[in-house]
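Trainee: If you want the building blocks of each chain, they are given just below.
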Amino acid sequence: MTFLNPWLLFGLLGAGVPLVIHLLSRRTAQRVDFSSLEFLRDLERKSMRRLRVRQWLLLLLRMLLVAALALAMARPTLTGVAAGTAGGSTSAVILLDGSFSMRAELQGESLFRRAQDRAAEILSTFDDGDEIILLIPGAANGSRAEGIRDLALVRDRVESATPGRSSVDGQAELRRAVRRLQEARHPNREIHVLTDFQRSGWENAGEAAAEAAGVHVFFHSLTDETPANAWVDEVDFSGQILEKGTPVEFRVVVAGGPEFGPTEVDVEMEVDDHVVDRRRIDLGPSSRVALTFHETFAEDGIHLGSVVIRGAAGPQDDDRRHFTLRTARAAPVLVVCHDERARRYIEAALAPEGGGTGSFSLRTADTHELESASRARETVIVLADVERLSDRELAGIKAFLSEGGGLLVFPGPRTDAAAWGRSFLPKFVPGTLADLRVSEEPFRIAHLDPSHPLFELFRGGDGGLTDVAFTRALQFRAQAGSAVLATFTNGDPALVESSLLPGRVLLFTSSLDPSWSDFPLTGAFLPLLHESVRYLSETAALAAEQLDVGEGATVWLPAVPDGGTVTLRAPNDNERSVAPVPGPGGYALELAEADEPGFWTFQSQAGDTLAALAASISATESDLTRVEVAQLEAAFGDVASVLEGDAGLARQMREARMGREIGRWFLWAAAALLLAEMFVASRFRGPAESAA
Amino acid sequence: MSDERRDSLLNAATIARLGNMDVRARAVVEGFVSGLHKSPYKGFSVEFAEHRQYMPGDPLKTVDWKVYGKSDRFYVKEFEEETNLRAYLVIDGSASMGFSTGEVTKFDYSRYLSAALSYLMIRQQDSVGVLLFDEEVRKFIPPRSNRQHLHVILTELERAQPSAGTQLAGTLHRLADRLKRRGLVVIMSDLFDDPEKVLVALRHFRHKRNDVVVFHVLDAAERNFGFRREAIFHDMETDDRMLVRPWEIQNEYRDAVDAWIDRYRRSCREMGVDYVPMHTETPFDTALTAYLDKRRRLG
Numbered sequence: 000m001t002f003l004n005p006w007l008l009f010g011l012l013g014a015g016v017p018l019v020i021h022l023l024s025r026r027t028a029q030r031v032d033f034s035s036l037e038f039l040r041d042l043e044r045k046s047m048r049r050l051r052v053r054q055w056l057l058l059l060l061r062m063l064l065v066a067a068l069a070l071a072m073a074r075p076t077l078t079g080v081a082a083g084t085a086g087g088s089t090s091a092v093i094l095l096d097g098s099f100s101m102r103a104e105l106q107g108e109s110l111f112r113r114a115q116d117r118a119a120e121i122l123s124t125f126d127d128g129d130e131i132i133l134l135i136p137g138a139a140n141g142s143r144a145e146g147i148r149d150l151a152l153v154r155d156r157v158e159s160a161t162p163g164r165s166s167v168d169g170q171a172e173l174r175r176a177v178r179r180l181q182e183a184r185h186p187n188r189e190i191h192v193l194t195d196f197q198r199s200g201w202e203n204a205g206e207a208a209a210e211a212a213g214v215h216v217f218f219h220s221l222t223d224e225t226p227a228n229a230w231v232d233e234v235d236f237s238g239q240i241l242e243k244g245t246p247v248e249f250r251v252v253v254a255g256g257p258e259f260g261p262t263e264v265d266v267e268m269e270v271d272d273h274v275v276d277r278r279r280i281d282l283g284p285s286s287r288v289a290l291t292f293h294e295t296f297a298e299d300g301i302h303l304g305s306v307v308i309r310g311a312a313g314p315q316d317d318d319r320r321h322f323t324l325r326t327a328r329a330a331p332v333l334v335v336c337h338d339e340r341a342r343r344y345i346e347a348a349l350a351p352e353g354g355g356t357g358s359f360s361l362r363t364a365d366t367h368e369l370e371s372a373s374r375a376r377e378t379v380i381v382l383a384d385v386e387r388l389s390d391r392e393l394a395g396i397k398a399f400l401s402e403g404g405g406l407l408v409f410p411g412p413r414t415d416a417a418a419w420g421r422s423f424l425p426k427f428v429p430g431t432l433a434d435l436r437v438s439e440e441p442f443r444i445a446h447l448d449p450s451h452p453l454f455e456l457f458r459g460g461d462g463g464l465t466d467v468a469f470t471r472a473l474q475f476r477a478q479a480g481s482a483v484l485a486t487f488t489n490g491d492p493a494l495v496e497s498s499l500l501p502g503r504v505l506l507f508t509s510s511l512d513p514s515w516s517d518f519p520l521t522g523a524f525l526p527l528l529h530e531s532v533r534y535l536s537e538t539a540a541l542a543a544e545q546l547d548v549g550e551g552a553t554v555w556l557p558a559v560p561d562g563g564t565v566t567l568r569a570p571n572d573n574e575r576s577v578a579p580v581p582g583p584g585g586y587a588l589e590l591a592e593a594d595e596p597g598f599w600t601f602q603s604q605a606g607d608t609l610a611a612l613a614a615s616i617s618a619t620e621s622d623l624t625r626v627e628v629a630q631l632e633a634a635f636g637d638v639a640s641v642l643e644g645d646a647g648l649a650r651q652m653r654e655a656r657m658g659r660e661i662g663r664w665f666l667w668a669a670a671a672l673l674l675a676e677m678f679v680a681s682r683f684r685g686p687a688e689s690a691a
Numbered sequence: 000m001s002d003e004r005r006d007s008l009l010n011a012a013t014i015a016r017l018g019n020m021d022v023r024a025r026a027v028v029e030g031f032v033s034g035l036h037k038s039p040y041k042g043f044s045v046e047f048a049e050h051r052q053y054m055p056g057d058p059l060k061t062v063d064w065k066v067y068g069k070s071d072r073f074y075v076k077e078f079e080e081e082t083n084l085r086a087y088l089v090i091d092g093s094a095s096m097g098f099s100t101g102e103v104t105k106f107d108y109s110r111y112l113s114a115a116l117s118y119l120m121i122r123q124q125d126s127v128g129v130l131l132f133d134e135e136v137r138k139f140i141p142p143r144s145n146r147q148h149l150h151v152i153l154t155e156l157e158r159a160q161p162s163a164g165t166q167l168a169g170t171l172h173r174l175a176d177r178l179k180r181r182g183l184v185v186i187m188s189d190l191f192d193d194p195e196k197v198l199v200a201l202r203h204f205r206h207k208r209n210d211v212v213v214f215h216v217l218d219a220a221e222r223n224f225g226f227r228r229e230a231i232f233h234d235m236e237t238d239d240r241m242l243v244r245p246w247e248i249q250n251e252y253r254d255a256v257d258a259w260i261d262r263y264r265r266s267c268r269e270m271g272v273d274y275v276p277m278h279t280e281t282p283f284d285t286a287l288t289a290y291l292d293k294r295r296r297l298g
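Note that the protein sequences, when read in sequence, are chains A and B. One point on numbering: in numbering that gives the first Met the number 0, the residue at position 346 of the first sequence is 345, and numbering is uninterrupted. One point on numbering: in numbering that gives the first Met the number 0, the residue at position 11 of the second sequence is 10, and numbering is uninterrupted.
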């Protein structure tokens, strides 16, 4: 407990006054000679003891009354800040959450509007001597305040701000606010958090508590309710071969928040400005409904699509999830092969007519080209019968995979298994290599992962894959991070996949060399190689083409057409020029932040779409479930307070700053004691006292 | 004597201002007598009151020979035998009798009353004795009826002062044992002793066929406890002390004292003792009238 007026605690000495008066009155009581105390002694036995108790009670009440008044005037508080900061000027950060979820409405008013009003109320408690730092993370561009310190300007910026459509990381924002206060002018430091406490953004915010020493954090609760909302949670078409004429399955998940429905909603998929299909579903609270849509693309190129919920409550922007995909783009492949026969087999399978026609365009190179491998030039690299890789080559592969490129590896007679085991596998395919397995009796592929898209063509039968005869294979032992897609009859892995980096790696344990197997000569070789390269090419490209609002992306182009001028068109049709940045093997086009949901397209001067990015509201941002503010408060301990703000915000803030002021309790106690004193005194007040 | 003058002579405060005990006694009695419609001495005085005709059987010594010489008729005087009363004035001289909230202590009041009664009784040829006591008998004056004896009594009363504690019951018992002839015992005391023992002692007198009048002398404050300020009350007999806030216990105190007085009154009535509650502001005629009533009944 601390006191706002501690010097008034001297008033507690006044509690001794009634006692002193009592004792003095005993000492100064006059002596009266009386004939006999017989009756008084009798009365003492009967009544005076009771009266004496009353008298002491009265004395006690009077002492307590004085003490209660003294305590009330000293303004006690249950918890407090250091006495040196009490009542001083304040440096405060107003952290106003501008994320998408703040657009949600309750009783016709958005949470952001409530937060603005509350912020204005908070600002009214400060004066010009205070230092105010305004942060509005996640707000729409143009209204994100970054450390504005002028009080009048802060008021204007709060009022004019509009919420954005991205997410806010509460923990990061709190750390940022604390850092801001480390340079603050005043010792009394506060952070006012005005947010909806959406779980996805604020669940881990308590971890910032360790850095908040010396800062009082006010969590302003805007509501106890969770707004209703439904959203398109996921649109997935990964793992499929995207080409014209081939049906593509779109796996869609629609979700309802805890307060949503239950109700019927229509879910619609649009592709390239036409409605593909529409479904009616029952969507209840805290539920997820999976749907599938199918579309067959008639033309090659970039396709723009959306899945939309019609007629759902809650913010509208997350009722639509956008996606882009490309079909039949000739995938550039870099082949690094030290075995001439193997190279021919690969070329025959991927580019039978040579050059860059068809689905794949091949380029053959030596291993040193790997040092500068770039997804801007090739989307897939095929390594066949490579003896070993230098550190620089491994670094190049790592950079390539980091960009989302795919890597297909065939060992061979030249392969130094020990060197690969030491240098390649730990970085890209977790596992170990043992001695080469050599068998006079051919072994075959015995098991395939039927769910893997790579083997979709082989689902009806095995497509001759199990007829391939293998006599040599590296004995690979998979470790965590590697998935065995196919195994030989002896149990050894035949095909392994790994995706430690954004790009994927497929490792065959046998070779294309005829001394190891007859694989290149079988009917399974061509389709499996095609599927493998497409699989490795297509997945990496998609990952960069679907974004959450608020994220940025870099698109790599092998070349820039029309003299290098590229236009970036935003979903609202605003356009701006983008300067392509030359890089290894191509040019980078950068989208710093997709702050609007929809399609962001890079277009050539001629109007051709070079790349398209689909930005949607983050699914986690759409789930409006709240975190318990009390948990946050508990995480921060004594330095945090939750303010409801229903009434007397200034008082609540003052109490929270200094602790909870309980002076009024003592006033009530004093009043009660006074009444009790009057009652007890009236029961045995004498004529002398009455006259006095 | 005017009524005003007479009333003042019956007031203890006025009497206290007079010269000596003799003057005080005379003043009280004269003031008292002057207010009566007829002389209180009639019927039990040696002075002439009434003759009746001699009847055969009457003792010859009762014949008034002077009347016979003048009228040749025999008349007898009937009153000579009735004036021969022995009265004991028993005065409490304990320290508590020295208490006063006015001008006159209870002891002074008792002294003045005793003096007046002695004067009156001796004027009637009654024998009067005085016993002054506290924890023990301090002074005993045997009963006599002559004028010189009155002087002795008044001189003793003049000298007497209250002191020490009370042994009222014990003293009364000793006195009762000492009285060989029945008589009138007049007790003046505040009766601050165990009521049970006091009443037993009074019964002792009655058992020996004495007539008893109890003047229960109290100060007004002893009855109403009308103190107004907190004070340390000091017991004048035991030296005990007690801090008391009078207003807190006033009602209980009055109730207790009233019950105490009422107990004396009831018990005295039951045993045929005249109980006369008095306080120091009570005019003396109350006591004297009580005495005369008693005397008349004793006839």
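These are computed hints drawn from the structure, not numbers from a lab. Quick caveat: nothing in here was measured; it's all calculated off a predicted structure. Just so you know, even glycine gets a beta-carbon here, dropped at the ideal spot from N, CA and C. Misleading hints may appear alongside valid ones.
[Stated by the list, open to error] A few chain B positions that, by computed beta-carbon distances, are all more than 10 Å from chain A: (1) 134; (2) 199; (3) 207; (4) 234; (5) 237; (6) 241.
[Said to hold, decoys possible] Derived DEER-like restraints, expressed as beta-carbon distance ranges: (7) B:223 to A:23: 50 to 60 Å; (8) B:160 to A:9: 53 to 63 Å; (9) A:9 to B:241: 30 to 40 Å.
Trainee: Each hint should be assessed against the structure and marked as holding or not.
Mentor: Evaluation of the provided hints:
1. The beta carbon of residue 134 (chain B) is kept farther than 10 Å from every beta carbon of chain A, the shortest such distance being approximately 14 Å.
2. Annotated as non-interface, residue 199 (chain B) keeps its C-beta farther than 10 Å from every C-beta of chain A; the closest such distance is 18 Å.
3. Interface exclusion of residue 207 (chain B) from chain A stands, the closest Cβ pair being 29 Å apart, more than 10 Å.
4. The non-interface label for residue 234 (chain B) is inconsistent with chain A: the shortest C-beta to C-beta separation is roughly 4 Å, within 10 Å.
5. Non-interface call for residue 237 (chain B) relative to chain A: violated, since the shortest CB-CB distance, roughly 7 Å, does not exceed 10 Å.
6. With a closest Cβ-Cβ approach of about 6 Å to chain A, residue 241 (chain B) is found to fall inside the 10 Å limit, against its non-interface label.
7. The hinted window of 50 to 60 Å between residue 223 (chain B) and residue 23 (chain A) is violated, with their beta carbons roughly 29 Å apart.
8. At roughly 58 Å, the beta-carbon separation of residue 160 (chain B) and residue 9 (chain A) lies within the given 53 to 63 Å, and the hint holds.
9. Taken as a hint, the range 30 to 40 Å holds for the pair residue 9 (chain A) and residue 241 (chain B), whose Cβ atoms sit roughly 38 Å apart.
Comparing the model with each earlier hint shows violations of hints 4, 5, 6, 7; every other hint is respected.
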